[in-house]
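Novice: Spelled out from the first residue to the last, the chains are:
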Amino acid sequence: MALDKVGIAKRIAQELKDGWYVNLGIGIPTLVANYIPEGIEVEFQSENGILGMGPFPFEGEEDADLINAGKQTITATKGAVFFDSAMSFAMIRGQHVQLTVLGAMEVSQNGDIANWKIPGKMVKGMGGAMDLVASADNIIVAMMHSNKAGESKILKECTLPLTGVGCVKKVVTELAVMEIKDGKFHLIERAPGVSVEEIISKTEGELVVPDNVPEMVL
Amino acid sequence: MNKVVSNVSEALIGIEDNMTLMVGGFGLCGIPENSIAELVKLGVKNLTCISNNAGVDDFGLGLLLQQKQVKKMISSYVGENDEFERQMLSGELEVDLIPQGSLAERCRAGGAGIPAFFTPAGYGTEVAEGKEVRVFNGKPHILESALEADFAIVKAWKGDTEGNLVYKATARNFNPMMAMAGKITIAEVEELVPAGELDPNQIHTPGIFVQRIFQGEKFEKRIEQRTVRSK
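Residue numbers (this note's numbering), protein chains in the order written: chain A, 1 to 218; chain B, 1001 to 1231.
Be careful, since some hints might not be right.
Calculated lysine to aspartate or glutamate pairs in the EDC-like style (CA-CA distance at most 20 Å, straight line) [stated by the list, open to error]:
#1 1221(B) to 63(A)
#2 121(A) to 1126(B)
#3 1071(B) to 1083(B)
#4 117(A) to 1080(B)
#5 117(A) to 1094(B)
#6 1221(B) to 62(A)
#7 5(A) to 65(A)
#8 1168(B) to 63(A)
#9 121(A) to 1220(B)
#10 169(A) to 206(A)
#11 1158(B) to 65(A)
#12 1139(B) to 182(A)
#13 1218(B) to 137(A)
#14 1218(B) to 65(A)
Keep in mind the hints are simulated off the structure, nothing from the lab.
Looking at chain B on its own, in the form it has when it is part of the complex:
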């Protein structure tokens, strides 16, 4: 089944105000940067964004925050962003902070048809407030529910016309689970190849989870913390 759309604007058709979007990436690594730039252009507002981080001031989801397009962030770590801090402290932006493993599993559960699950993470902390607690094997766990999104936007290294995806190194992160959990999943790839070119043994996200795929025009791939050693 051919999932290819011709460009980013075609890929994002149907994204409207007030929708919930999952956006892949960890920090600035593995984020769908072409789609984020297009969302800024579209000017859609009151978005709920589920993403591990919120970008930096002038890149990644920080660009949507700058334009005040985000109503609520669901994330595990949101430092490194002054505009985020300002909006959060002034009450303009709602923020739901979730332990990183629970966030990943809640996305996976959403895509896998599991409505909720018990995890020990967050027990005894404010994350557990209002959540059901149950003891398994002598250890307390809290009930966490699945997350779903109107659109999931993910970024892969290579993809084929069937929507099968391969990620590179640690740019995989949240992308595979979010791809599973979107009602419509958009994959932005560095290299789009004909079906049959990717080794079926090596595919990370099967195309069944992807509805639209396109090759991104350019990837800046900004590095957040450049750390090197001397030779």
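Bound-form chain A, shown alone:
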């Protein structure tokens, strides 16, 4: 069965490594923080100026001066630090953050990502996404394999305006885990109960399928 949002977040959480600084985007990526594997210590950076982002506050303990990049009220962990936006993006651009997880509307087989603009519709802006994808060494995209009309979002070439070129290394969808290298998608794992055929049929981009595609263990 295809994964839900929580399933995607759980699978991405398995990618976390001890000692990493991690930036989580809005939406499914935010859920990753709830499923950190046991015995692992990671610290979350939010680009509006905090390293050491903790869980949401208890009711009545919200602080208007303490939010994440999604403008949600948060808490700070022990050892957290606050800084300005230029310092924050120095961490990102300078590749001091080990992993970036973000959502996407489209991803292409050479690692291009589109996630900020649909022509003709309201343009809200790219926020920090362009800086993040241009600089991060390790980007995982959390997204749905196809759109509401059933059209694949895992493409040969993106059709929407790009956020970054050749930057995505790994994609986790409700159906599959795929790596991007040598200009192709490589199928690594499939969601429990999902067939390789289904993944192939919902992937427009070139997909390399090994003989054995293990199921995700969640």
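With the hints as your guide, set chain B onto chain A.
Specialist: Then chain B, alone, in the frame of chain A:
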């Protein structure tokens, strides 16, 4: 040097139509809300506002948009605002969208005397259109120029009579770089203290960047996305 002005209206003297203003804050967090309210009262028009966001319909820079005082917004993310959307789609409002890190660095550069810099952010996207591209260490970068403003209006937690500022938590965000980049920088603070009361080791913005400082009358500090967990 004493930078104290007695109130918000004295602080904003000299702000006129057609000027470029930098306004600190991220979302509604760390915005100079007293000064924004005063700008509405003053009715100055055709402003170019450099600010990461554009507020919400009835708070923050959204208040200036409601009164059609803004000609152009330079921001990284402008959702959450219906009036903004209407003015943008009808062509009344010019909008320049900039990657957030580039926006922060362009303000910092403006204050630091660096006219332009190369960044990888936006390469290969429409942000790069018309900009010089150069390859460093095998990776393409685009040239981004510094931003400056006639006035920068920032908000701090504490400030002293010398204009030294301390921010609280994530309300710091764009305020320090904008403070550096204003020809005249106005700081609105929650608590104004005599020089010597702030620990010089803990000051975030040195007073040299601040020309006017005042204690805001009241701070609503509205929360945009109140998220809590249950006990």
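Novice: For every hint, state whether the structure bears it out.
Specialist: Hint by hint, here is what the structure shows:
no.: 1; hint: 1221(B) to 63(A); result: 9 Å, holds
no.: 2; hint: 121(A) to 1126(B); result: 16 Å, holds
no.: 3; hint: 1071(B) to 1083(B); result: 13 Å, holds
no.: 4; hint: 117(A) to 1080(B); result: 15 Å, holds
no.: 5; hint: 117(A) to 1094(B); result: 17 Å, holds
no.: 6; hint: 1221(B) to 62(A); result: 11 Å, holds
no.: 7; hint: 5(A) to 65(A); result: 29 Å, violated
no.: 8; hint: 1168(B) to 63(A); result: 10 Å, holds
no.: 9; hint: 121(A) to 1220(B); result: 33 Å, violated
no.: 10; hint: 169(A) to 206(A); result: 15 Å, holds
no.: 11; hint: 1158(B) to 65(A); result: 13 Å, holds
no.: 12; hint: 1139(B) to 182(A); result: 17 Å, holds
no.: 13; hint: 1218(B) to 137(A); result: 44 Å, violated
no.: 14; hint: 1218(B) to 65(A); result: 15 Å, holds
In summary, the structure is inconsistent with hints 7, 9, 13 from the numbered list given earlier, while agreeing with the others.
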